Each structure stands twice: as structure tokens, then as C-alpha cells.
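Engineer: Heads up: the sequence lines are chains S and H, in that order.
Position one of the first sequence corresponds to residue 1 (our numbering), numbered consecutively onward.
Position one of the second sequence corresponds to residue 366 (our numbering), numbered consecutively onward.
Hint data in this document are derived by calculation from the structure and do not stem from the laboratory.
The structure presented is a predicted model; accordingly, all values stated were derived computationally and were not measured.
Glycine residues also receive a C-beta, built at the ideal position from the N, C-alpha and C atoms.
Check before you lean on any hint, since a few could be wrong.
What the hints assert, rightly or not - Within a straight-line C-alpha distance of at most 20 Å, the following computed PhoX-like cross-link-like pairs (lysine-lysine) qualify:
| # | chain 1 | residue 1 | chain 2 | residue 2 |
| --- | --- | --- | --- | --- |
| 1 | H | Lys-717 | S | Lys-362 |
| 2 | H | Lys-727 | H | Lys-631 |
| 3 | H | Lys-631 | S | Lys-352 |
| 4 | S | Lys-362 | S | Lys-266 |
As the list claims (entries may be wrong) - Beyond 12 Å from chain S on every Cβ pair, some chain H residues (computed):
| # | residue |
| --- | --- |
| 5 | Leu-438 |
| 6 | Gln-470 |
| 7 | Asp-637 |
| 8 | Asp-708 |
There are 2 protein chains.
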Amino acid sequence: MPSADGTLPLLSRIDRTAEWMRGTGPLADIVLTCRVRLARNLAGCCFPPRCDDETLIAIAERAAAVHSCSRALAPFEFVRMQELTELERYALVDRYLCSREHVAQPVGRALVLDRSGSLSVMINEEDHFRIQALYSGLQLETAYRVCAGLEEVLESALGFAFSEKWGYLTACPTNVGTGLRASAMIHLPGLTETGRLDEVLTAAANAGLAVRGLYGEGTEAHGSLHQFSNQVTLGRSEEELVAELSSSCKQIAAAERDARAALHRKSPLLLDDHVARAYATLRYARSVTSREALDCLSWLRWGAEIDLARGLDRQTLNELIIWIRPGVQQVLHTRRLPAEERDVLRASLLRKRFEQVELSEKLSS
Amino acid sequence: MPSADGTLPLLSRIDRTAEWMRGTGPLADIVLTCRVRLARNLAGCCFPPRCDDETLIAIAERAAAVHSCSRALAPFEFVRMQELTELERYALVDRYLCSREHVAQPVGRALVLDRSGSLSVMINEEDHFRIQALYSGLQLETAYRVCAGLEEVLESALGFAFSEKWGYLTACPTNVGTGLRASAMIHLPGLTETGRLDEVLTAAANAGLAVRGLYGEGTEAHGSLHQFSNQVTLGRSEEELVAELSSSCKQIAAAERDARAALHRKSPLLLDDHVARAYATLRYARSVTSREALDCLSWLRWGAEIDLARGLDRQTLNELIIWIRPGVQQVLHTRRLPAEERDVLRASLLRKRFEQVELSEKLSS
Chain S
1 MPSADGTLPL
11 LSRIDRTAEW
21 MRGTGPLADI
31 VLTCRVRLAR
41 NLAGCCFPPR
51 CDDETLIAIA
61 ERAAAVHSCS
71 RALAPFEFVR
81 MQELTELERY
91 ALVDRYLCSR
101 EHVAQPVGRA
111 LVLDRSGSLS
121 VMINEEDHFR
131 IQALYSGLQL
141 ETAYRVCAGL
151 EEVLESALGF
161 AFSEKWGYLT
171 ACPTNVGTGL
181 RASAMIHLPG
191 LTETGRLDEV
201 LTAAANAGLA
211 VRGLYGEGTE
221 AHGSLHQFSN
231 QVTLGRSEEE
241 LVAELSSSCK
251 QIAAAERDAR
261 AALHRKSPLL
271 LDDHVARAYA
281 TLRYARSVTS
291 REALDCLSWL
301 RWGAEIDLAR
311 GLDRQTLNEL
321 IIWIRPGVQQ
331 VLHTRRLPAE
341 ERDVLRASLL
351 RKRFEQVELS
361 EKLSS
Chain H
366 MPSADGTLPL
376 LSRIDRTAEW
386 MRGTGPLADI
396 VLTCRVRLAR
406 NLAGCCFPPR
416 CDDETLIAIA
426 ERAAAVHSCS
436 RALAPFEFVR
446 MQELTELERY
456 ALVDRYLCSR
466 EHVAQPVGRA
476 LVLDRSGSLS
486 VMINEEDHFR
496 IQALYSGLQL
506 ETAYRVCAGL
516 EEVLESALGF
526 AFSEKWGYLT
536 ACPTNVGTGL
546 RASAMIHLPG
556 LTETGRLDEV
566 LTAAANAGLA
576 VRGLYGEGTE
586 AHGSLHQFSN
596 QVTLGRSEEE
606 LVAELSSSCK
616 QIAAAERDAR
626 AALHRKSPLL
636 LDDHVARAYA
646 TLRYARSVTS
656 REALDCLSWL
666 RWGAEIDLAR
676 GLDRQTLNEL
686 IIWIRPGVQQ
696 VLHTRRLPAE
706 ERDVLRASLL
716 RKRFEQVELS
726 EKLSS
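Let the sequences and hints guide you as you build the complete structure.
Structural biologist: Next comes the structure, spelled out in C-alpha cells:
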């Protein structure tokens, strides 16, 4: 239920600005955020997709008991999905703290999360436990270490299904072995604009990476944001998988940097025009879809990195990526909104924010 | 040749703001401009398309002689096309003072024109004489009277080809009889936006009107500007043709007014969004095609009529329709420009102008 001032209780306890939003990590001009997640399951218990509600609830309550006793888990919140409103649940999805699948059926689903918005454990998503850490820029090794620490605490208390032959067992065979999925969200407007994106995506696929859009599996890339992740989970150590992805992401970021420099040299006016139009739209439009907003924010992100806009830092841009989402819009207004109304509210939020932004005199005049 | 300050001599002698641009005529909120032209030919002389250069020159010089002797024609300039640069000639086309066909082959072509940009006589276009008058808003009767006065002066001096059976003879049979073509340029964004445009255009065609785009025959409608003109020239008096077109245009303007009111009632936000985006583009973009500029000016014209923008009057909007054209851009810079460069110069001109314009607080916030 919303409180008197209209905020939803859970969300008011989580930092509005997650750690990853600050944009302070390495390569954060190009790599927005990186994530590691470990899939783990209880030994001797069928996987969530095959559990009845009673079993799911029992599993979640075992986790709740561990949470309440563990000193290591004390800084975390334990949240039963059934205690949240639907709007709150989808707002968590928009903040990458859990998945759409996880919140769709709240019975027996739970979430362990920290206030900073960096760490969470989804309970009874596809696997019993999905431990994940989200950081600014490219710091996959750090994210992995944090997940591994959390995993150790849970494993020592609960025991995870493990086979000598296969490694950690998971509901879907694509996760078996390490249960590790590492990913990075990379902003590639330069490669897109210079027509080199396909070449880079193909090379990434050949190097064993999966490439997805902003909202994960099965989604298109909007705002030139692409998610790169490891395809295989088996036959390599966690450390190797993380190091390989990290190395590929560094190469992609370098290619993006080259493309931006080339375009800036060759057609400064093209970039100026895109940045100026994106600014104009966000500052004046009365109705904006989330897709258009993302495309505009993409140009302004690039523009802001080379000082074409004043009053616009990475943190603001990262926050806006979240705040323009349909789910967050609805939470802010604590009710379901038709798409047209969301577009109007989004435009209003953006106009207000962009009144404080100015195009710099570096733009062609 | 351009003078020291870069202006071209002929254009510096014509008022920068033509009478029709002032936007003071009846219904000028919807009817930008109206025009009447009379096609006339010398008796006993083949039509221009079949004349050799020598004959064309001889005809133009006969007209020059009449111009130099006539007190009625004293306020007019007589201009030989060969004395103008190519850029000057195309700038005259952009100002509706002559046609593309008329300036393409300058030998033996001439123009009589007044400084106000309202009246001109094309010599050796398709016909020997095309007398035309251009006025603000819907004042076809006035335009016709002015043309008829000029025609009388020329006819008494030169004698025109006339048949008792057919009336005035013309190079193309579609003009024979009265030789009169009357037209009005009408701004129909309301009908376009409410989906009622086709219905109105079909009704106009059924009422015997021809419908064209902004640049006349064979052109598409940009910026919701449509030109309506009489189809037949034969079997009716000049006065009847003018009165019928005038009456149809009044009906079309009334339909447009209804459509605007309906849309403004039903979706004020849609209109606000379009007006705000058009303003944002013109104020900030670094490269704008003439087509996009026209579309933006169209929304702002509608917006300005209902006080959604401050600092933007009809005259400015009318002038901009002319000033954004490729030909005028080139004249301003006294050289041929590639399209990309024109788009940049056009954007620069528009940005400068729109710095002085503001969206009003009547827009939804």
C-alpha cells in the first residue's frame, strides 16, 4: 500500500540512486553497468517450475530463516513478493533487481536485497536461488567476488545440488556447471552510426558471447544499448568465464571509442544535429514513448561525454533510463496508467529535468 | 552580379516582404495567398514554344517599348532574364514572380514586375504574356481586377489573339477562352490531422477545382499547404470563374476551421505536442531540409493562430516559407550550394529566428 506521501514502503527503503547509477566505475562512459548472477538449487528438491505452491512457500521460508539468523545477511532485506503491490514488483524489475518471470506469480517467491540496489537474491525464480550483483562500468571480477561471498553463506546453511560430473545443477541445462551468467550493458551509438555495429556483434557472437537488448533476453536494442553475456557455463571455471567476458567487453569499448572519434572528426555537424534534436525533444515534447526517450538519452549520453551539453552528468542519465520506464512511472503515481497517460507523464518529467540542461557553445552555431 | 555587400541588384530593388506575406487579407489565418493570371498572346505570331530565339527577342523588345512609353507601366520594372544571374532567376521563382519554365531558357524571356512583389507579367513563358497578381488571404476579385487593368494597357498597345468562337487563344488548349487561372493556397493541417482531408479534396475536385501542392503543378503538398484552382477556362465569364473559386475556398476554409476546433477540443495535448516539437526542431536543429522546415512551420502557424507561441506573427511565418527555399538560400550566399550545406544554412537561419520565439504558458505543462 502507498504511504501517506504516495511512496510505496519497500521502494522508500531502497536508495533511489543505485550504486551502478552513479557512473563511477571503470569505462563507465561506454559500459553502463555489469552484472554477475549465480544460479543455485537446493539438493534433493525439484526445481521451482515443477514445485507446487506449498513447496515454493516452504523453500522461501527456509531462506527467510537463514536470513534472520545470519550475521552476514543482516544488512539485507528479506521481501516476500506477496507482500508487495503489483506496481512495486514491476518497479523492482525496472531496477534490474528481479525478473519479469519472478514477479509474475508472487506466491512462494521472495527476494533478498540490499539498500544500495547492487545485490539481490531471487528466490524461486527458474532456480531456487539466483544470486546477483550489479555494478557501475566494467567491474565483473568485483561483481563475481561479491556473488561468490553471498553464495558461500547460503550454501553453508542450505546445501546446493552439485554433481561431480556436471557441477552445479540448474533447472535449465544452459546454466548447468558454474551456474554463472555475467553480462555488461554497453552503449554503442558510435558503432551504430558508423555502420560498424554488425561487424562487432558478429565478432562477439563468434567469441562465444550472447548479445541482447536493454531489457535482456528476447528484447531489441533501444538507445544503442546492448547487453553482452557469456554463452557457455560449463567446462570453464567461474574466474575464466568472467575474465574472458571482461576482455571482450574491453575490446568492444575500444572499438566504440574509435568509432566515436572517427565520426566526430568526419561529421561533427551530424553529431551536433542529433544531440541538439534529442535535447530539444526532451526539453519540449508533451508526449514521449519510452523508446523515443531512450533514443534521445542515447544521443545526449554521447554528447555529454564530449561536453556538448551542460548540467547533465552520467548519474542523471543513468537514473533517467530507469525513471522513464512504464513500471516506474506507474509506481510514482501508485496506479496503473494507460500508455498515452504514461507518455505524457514521462514527457513532463523529462521537460522538468531538461530545463536545467543547456547545450554548450561547443555545438556548431 | 552581386554588389559589394553581397546582395543581387534586382532583388535589392524588390521589397523583401511582398504584400501577400503581410498576412492581412481576409481569411489569412487559413488562406495564405491567392493568385490570378491571364494568358494572352500576340495576334499573328506563333506561340513561344514554336518561336526561334530571334522572334522571342523581338517580342520581348516590343513589350519593352510599350513599357518605356506607358505611364500606367511606369511604376513597374522591365527585366530581361539574360541580365540576371541564374541564382537571381530562381529566387524570382521562389517568390512566385515567375515560373521554373520561364527562367530555364533566359534568351528572349523577360519580366515586368512591381516592387511590392504582387504583380508581374511573364513574357515568353508558354504564352507571350502571362499577367499575374498575388494577394494575401482570399481576395481573388481584387487580384482579377488588377490583372484585367494591366491586360487592358497591354492589349490596347499590342493587340491580342482572339477568336469569336473560342475567346483568347493560348498555346495550350486548357487555357483557351478566358485564359484565366485563379488559385488559392490554403493551409489545411486540421483537416489532415482529423482524417477529413481526402473527403474535402474529393469534393473540391467534383466542384471542378484542381488541387496541387505548394510549388504548383505536379508537386506534392508539404506543410499541409494545398493549392486550389479552376479547372475550366472556357464557357464562363472571368467574373463567374473567380466568384465560383472564391466561394469554394470559403467552404474549404470553414471546414478547416471546424476541424481545428474539433481537434483542439478532443486532443489539445496532441496539438501541444506537435507545436512544441516543431518549435524545438526549428530552434535547435543543426540541419533541416526544406520539407521538414515546412512541416514544422505548418504546426507553428496553427499554434500561433491560437496563441500557443509568442513572438511569431503571420508575416514572419509567410516570409520563412520563402526564405527557407533552396533558391533563396543560394541567393543569400550568392553561389550554388550543395544540399547538405543548404540544410545547415537553413537550420542556422531558423535557429536565429526562433531564439526570439517562445512557447506560451497556454501549452499543457
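Engineer: Hint by hint, say whether it matches the structure.
Structural biologist: For each hint, the structure was consulted:
1. H/Lys-717 with S/Lys-362: 17 Å, holds
2. H/Lys-727 with H/Lys-631: 16 Å, holds
3. H/Lys-631 with S/Lys-352: 26 Å, violated
4. S/Lys-362 with S/Lys-266: 16 Å, holds
5. Leu-438: 46 Å, holds
6. Gln-470: Since the minimum Cβ distance to chain S is about 37 Å, H/Gln-470 lies beyond 12 Å and the statement holds.
7. Asp-637: 5 Å, violated
8. Asp-708: Incorrect as stated: the minimum Cβ-Cβ distance to chain S is 9 Å, not above 12 Å.
Violated hints for the displayed structure, listed by number in ascending order: 3, 7, 8.
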